[in-house]
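Asker: Going down the list, the sequences are from chains A and B.
Using my numbering, read the first sequence as starting at 1 and increasing by one per residue.
Using my numbering, read the second sequence as starting at 1 and increasing by one per residue.
Do not take every clue at face value.
Stated by the list, open to error - Restraint ranges, calculated between C-beta atoms of paired labels, are given here:
(1) A:Q65 - B:V71: 26 to 36 Å
(2) A:Q133 - B:F68: 19 to 29 Å
(3) B:R56 - A:Q65: 20 to 30 Å
To be verified - Taking beta-carbon pairs under 10 Å as the criterion, some of the chain B residues facing chain A (in silico):
(4) F10
(5) R14
(6) H38
(7) K63
(8) T67
(9) A79
(10) F81
(11) P82
(12) P83
(13) G86
(14) G87
Derived by calculation from the structure, the hints in this document are not laboratory data.
Note that the coordinates shown come from a computational prediction; the quantities given were computed from them, not determined experimentally.
Here a beta-carbon is modelled for each residue, glycine too, at the ideal position from N, C-alpha and C.
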Amino acid sequence: MPLHVAVQTAPFDVGVQTARLSALSPLTGGIGLFVGQVRGGDGLVAMTLEHYPGMTEGILHALAQEAQARFDLTGCTVIHRVGRLEVGAGIVFVGASASHRAAALQATTFLIDRLKTGAPFWKREEYANGQAQWVDARETDEEAARAWLQQSPVP
Amino acid sequence: MADHVTVLFFAALREQVGLDSLSVAIPPHGLSVTALRHQIEGETPSIAAAFAEQPRLRVAINKTLGTFEQVVHPGDEVAFFPPMTGG
Chain A
1 MPLHVAVQTA PFDVGVQTAR LSALSPLTGG IGLFVGQVRG GDGLVAMTLE HYPGMTEGIL
61 HALAQEAQAR FDLTGCTVIH RVGRLEVGAG IVFVGASASH RAAALQATTF LIDRLKTGAP
121 FWKREEYANG QAQWVDARET DEEAARAWLQ QSPVP
Chain B
1 MADHVTVLFF AALREQVGLD SLSVAIPPHG LSVTALRHQI EGETPSIAAA FAEQPRLRVA
61 INKTLGTFEQ VVHPGDEVAF FPPMTGG
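For reference, chain A alone in the conformation it holds in the complex (with noise of 0.2 Å):
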């Protein structure tokens, strides 16, 4: 299967992630990856991730889909996860594999910037004093997302 889309509360393992990808096709000849993980810092111990369940994963394959085509990917994983992640934890991981280097590279910073402001995914902050709260929308993320919207696809 070229396209993989999760959404679980497991980790992911990005070794075997990658291995797969690579293992896809003999004409991939590189492999974007962009992994992100619970960031802390200012008494931040941990994110709760909610989700809209069968609206995520239609919305993640739909998008690993345009990628596949308008980047001409031999392969595409998007993993993401749900419920409370500690800080250091993984959240997301997102691997393009491609015969070329652009395409790789080009394809995982789209998917990665499509799914921020465009898969119904909320994140709920929790800090060691006991505040929790939830993250609001960045205006650079949604205009990272536009910006791929108003490119014409790849001919």
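Chain A is fixed; fit chain B onto it per the hints.
Answerer: Just chain B now, kept in the frame of chain A:
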């Protein structure tokens, strides 16, 4: 349910509303998302207060992002939520 839509709330909105979901009776020919929102606000002032806390409310109809002008029909699933923050 005939003549009802299922309304879902997520994240900060879900906490403010105090409910995950709600069944709302609507006209058989349907109504716009904006009209549905106004109907819910009229029926439940606490939800009106929660919506007022969300200046950038988003909507999904049957698990696809939608607009407030779109018409929903009995049997549809309508989800309201704040801007998404994944990744």
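Asker: All the hints need checking, so say for each whether the structure fits it.
Answerer: Hint by hint, here is what the structure shows:
no.: 1; hint: A:Q65 - B:V71: 26 to 36 Å; in the structure: 28 Å, holds
no.: 2; hint: A:Q133 - B:F68: 19 to 29 Å; in the structure: 27 Å, holds
no.: 3; hint: B:R56 - A:Q65: 20 to 30 Å; in the structure: 28 Å, holds
no.: 4; hint: F10; in the structure: 6 Å, holds
no.: 5; hint: R14; in the structure: 8 Å, holds
no.: 6; hint: H38; in the structure: 23 Å, violated
no.: 7; hint: K63; in the structure: 4 Å, holds
no.: 8; hint: T67; in the structure: 15 Å, violated
no.: 9; hint: A79; in the structure: 6 Å, holds
no.: 10; hint: F81; in the structure: 7 Å, holds
no.: 11; hint: P82; in the structure: 7 Å, holds
no.: 12; hint: P83; in the structure: 3 Å, holds
no.: 13; hint: G86; in the structure: 3 Å, holds
no.: 14; hint: G87; in the structure: 4 Å, holds
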